[in-house]
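Fit the two chains together into the complex; they arrive one by one in their own frames, and the hints show the way.
Top line first, the protein sequences correspond to chains A and B. One rule links them: number in my numbering = place in the first sequence (from 1) + 452. One rule links them: number in my numbering = place in the second sequence (from 1) + 61.
Hints listed in this document are in silico derivations from the structure and should not be mistaken for laboratory results. Wrong hints could be hidden among the right ones.
To be verified - One-sided and incomplete, this derived list gives chain B residues near chain A with beta-carbon spacing under 8 Å:
| hint | residue |
| --- | --- |
| 1 | Ala-68 |
| 2 | Ser-72 |
| 3 | Ser-127 |
| 4 | Ala-133 |
| 5 | Leu-135 |
| 6 | Phe-151 |
| 7 | Arg-153 |
| 8 | Ser-154 |
Unchecked claim - Examples of chain A residues toward chain B, derived with CB under 10 Å:
| hint | residue |
| --- | --- |
| 9 | Arg-497 |
| 10 | Leu-499 |
| 11 | Gly-503 |
| 12 | Tyr-508 |
| 13 | Gly-510 |
| 14 | Thr-514 |
| 15 | Leu-549 |
| 16 | Ala-553 |
Claimed, not checked - Chain A residues, not near chain B, derived (Cβ > 10 Å throughout):
| hint | residue |
| --- | --- |
| 17 | Thr-509 |
| 18 | Glu-516 |
| 19 | Ala-538 |
| 20 | Arg-571 |
| 21 | Ala-573 |
| 22 | Gly-578 |
| 23 | Phe-595 |
| 24 | Asn-598 |
| 25 | Phe-601 |
A virtual CB, placed ideally from N, CA and C, is assigned to each residue, including glycine.
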Amino acid sequence: MGALSAIRGVQGVSTGGHVMASPLRIVIAKPGLDGHDRGAKVVARALRDAGHEVIYTGLRRTPEQIVRIAMDEDAQVVGLSSLSGAHGFLFPRVCELLRDAGLDDIVVFGGGIIPERDRPALHEAGVAAIFGPGTTSSEMVTFLDNLEF
Amino acid sequence: MNRRELARSLSSAESIDCPKRTMEPWRVLGVTGAPGVGKSCLVDRIVSQWLDRGERVAILAIDPSSPVSGGALLGDRMRMSSVDGGDDVFFRSIATRNLPGGIPVRLDRMVDLLVHEGWTRIIIETVGSGQSEIRIVAVADRLLLVEGPARGDVIQAEKAGVLELADLIAVNKSDLQGAEKVADEIRLSLNFSDNEPAPVILCSAENGDGIGQLLDTIDSLPSARGPAIARSRERLLAHHQEFLLSHPDFSDVLKGFSEGRLNIEEAFEILRRG
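One chain only, chain B, in its complex shape (with noise of 0.2 Å):
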């Protein structure tokens, strides 16, 4: 498959006809953190150090649908000067079509076809916000999670959620003020929980300072990780959800049911048929 053929199977990911891939080695890397603390700068620099040591490096990078319009205003990849060039590279912008999880189903499909063609590591950076930072554990072999300082209280910030699944947190942005006393108190929070804590790694997308580190660490992760019913859960409502979304009559139900002929037993029951 050429490269353009490539790209325009990845426009049909429902109907990808590859062999599911196998979970070692792992190739899938998840990219998660709120908006502004560098993910997009923090990838263009794996990226790069990716494609030097001669991996051949797909990345994926969601951004929102408008819940008015359905248009998306796809814009990752201008913060990534590593990835327009070169056939080692390939990126590719996806919107999340208002599918709420951010599309884990067709984005498994996608992965599963990326490797099956060759390609060695996959990224996926998330949008940022969200119950699909959590769904993103369906699909990603490790999952990064990306903090900054100057985000206020990261703790309070972050509640229950991705910091427990996170498998290695960078505070990116050690070139700034106060990236130290982050790591330190994101390192113990991690200390109460009973499970080997994740490591947590100082790092700056700005100069490169710790990417090394941070590459090494990912690679040298465990392959049996944390919380195997947490992504199994997510991998199995991940998969409720789209059977729902692709009903036929998806659209007519919602319809009857915002407009109040339908209740959502109804509703539910009619999606629930196939």
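One chain only, chain A, in its complex shape (with noise of 0.2 Å):
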């Protein structure tokens, strides 16, 4: 029992490392006609290397593709990327159906180019935070780690 009390005597030391007891699960996604990646993969990257599993879902996934996907993965929150000018249909369409599918836990975060006065619409929406170009990931990592689920 001596080197299982020893071991006991490092509980509450910190590493300097962030290990996550239970790694979130988030769909990133890309709803609607719009080629642009580049934003949502960095995004993905960023969580992942915050600890959390991260699930892409590649280009041009209608919203019902992407409340399906959601629940499919079991996934706390979905990330939805709109450069395309088109998020103030898409995004709150993803909302309404993550809430008809009984989804209305998942939380739901926006990003890419959305003008500041759409913004309040979206937020009416259901869209739980919009992380628009200049975003640091820690910001998003914060706005992650202080979720309550």
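Structural data, given as structure tokens:
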């Protein structure tokens, strides 16, 4: 038992590293006809490096497909990226379909080129946060860390 | 159980409470092969054909977790257009969560649940490198090894291992030069073995050539297959590994060991007691 009590002693000592007990499962999705996914891939990578499990959908998914993917993958978070200008339709549609599917506990955030004036309506529709150009990855990670499930 | 309940249950496979699946009829196809040989695209083809034949198909796609952050980027489904629609197909990405051997025990329970819920075909797509490629035989009823042209010397690349355990080998990208030659090399190498050699099929996920023949061959494989000892060995090892890893003090022991406060015997002794 000496060895066991020796290791008990290390509990609470910080290693400096951030090890997650159970990683979040996050779907990063590209809704609609938009071929620009550099941003989505950078976000996916950053969230992976923060210790999360990130499922990337690939380009041009319909809101129905995204909801389906979120369900099958048992995701807690869905991130939507749009640079085509269609966010005003696509983001609320995803939120609506998630609610219809009984998945309203899934947190939705958005990113891409989303003009300031469009944001209140998106928040109203259920988008919890919007990260535009210039957002640091640590801002996003902090947002996710503060979510409660 | 509806689709959402199924998806939720798969997340906590440890607590899955359903009967163990029977080995007949066969249900589970393991698909392995080096990165870049076209596993995902081939799986996409197989899935659409099975759907056409009236099967209910579930895909479990395994990708590695980062050993540094513990996170994972799971991108297999972006290569599979057949999986995002229809009630008869289910796709789940799985991170290894740094369990060496690619989580076979948890996977086994997930497969049991899927079979219990009426899925008639289950495909497990592996990471494509490392020990998990062999461990997959602990779960799959049939193992498909995917190869491709222009990978250098196939036999050298495979060495001993998964090539010996595969029930059949698909040489993908038959639309490219050199595929025929690779298939010949593999056949030649398999002929040195004492066992009945595994079939080698040329196919192309790109244009669909040979996919029908591949599926017919998978179906017609004899059910009492190859090296049962090797499979059972992997099953046993996987179970033991899972046992050690699931010890409540595992991370403390690991830390103690890595910081030199425990030697390896002491560390193992603690975990072994369960």
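Against the structure, the hints come out as follows:
{"no.": "1", "hint": "Ala-68", "in the structure": "holds, 5 Å"}
{"no.": "2", "hint": "Ser-72", "in the structure": "holds, 5 Å"}
{"no.": "3", "hint": "Ser-127", "in the structure": "holds, 6 Å"}
{"no.": "4", "hint": "Ala-133", "in the structure": "holds, 5 Å"}
{"no.": "5", "hint": "Leu-135", "in the structure": "holds, 5 Å"}
{"no.": "6", "hint": "Phe-151", "in the structure": "holds, 6 Å"}
{"no.": "7", "hint": "Arg-153", "in the structure": "holds, 6 Å"}
{"no.": "8", "hint": "Ser-154", "in the structure": "holds, 5 Å"}
{"no.": "9", "hint": "Arg-497", "in the structure": "holds, 7 Å"}
{"no.": "10", "hint": "Leu-499", "in the structure": "holds, 7 Å"}
{"no.": "11", "hint": "Gly-503", "in the structure": "holds, 5 Å"}
{"no.": "12", "hint": "Tyr-508", "in the structure": "holds, 5 Å"}
{"no.": "13", "hint": "Gly-510", "in the structure": "holds, 3 Å"}
{"no.": "14", "hint": "Thr-514", "in the structure": "holds, 8 Å"}
{"no.": "15", "hint": "Leu-549", "in the structure": "violated, 13 Å"}
{"no.": "16", "hint": "Ala-553", "in the structure": "holds, 7 Å"}
{"no.": "17", "hint": "Thr-509", "in the structure": "violated, 6 Å"}
{"no.": "18", "hint": "Glu-516", "in the structure": "violated, 8 Å"}
{"no.": "19", "hint": "Ala-538", "in the structure": "holds, 19 Å"}
{"no.": "20", "hint": "Arg-571", "in the structure": "holds, 28 Å"}
{"no.": "21", "hint": "Ala-573", "in the structure": "holds, 28 Å"}
{"no.": "22", "hint": "Gly-578", "in the structure": "holds, 18 Å"}
{"no.": "23", "hint": "Phe-595", "in the structure": "holds, 16 Å"}
{"no.": "24", "hint": "Asn-598", "in the structure": "holds, 18 Å"}
{"no.": "25", "hint": "Phe-601", "in the structure": "holds, 12 Å"}
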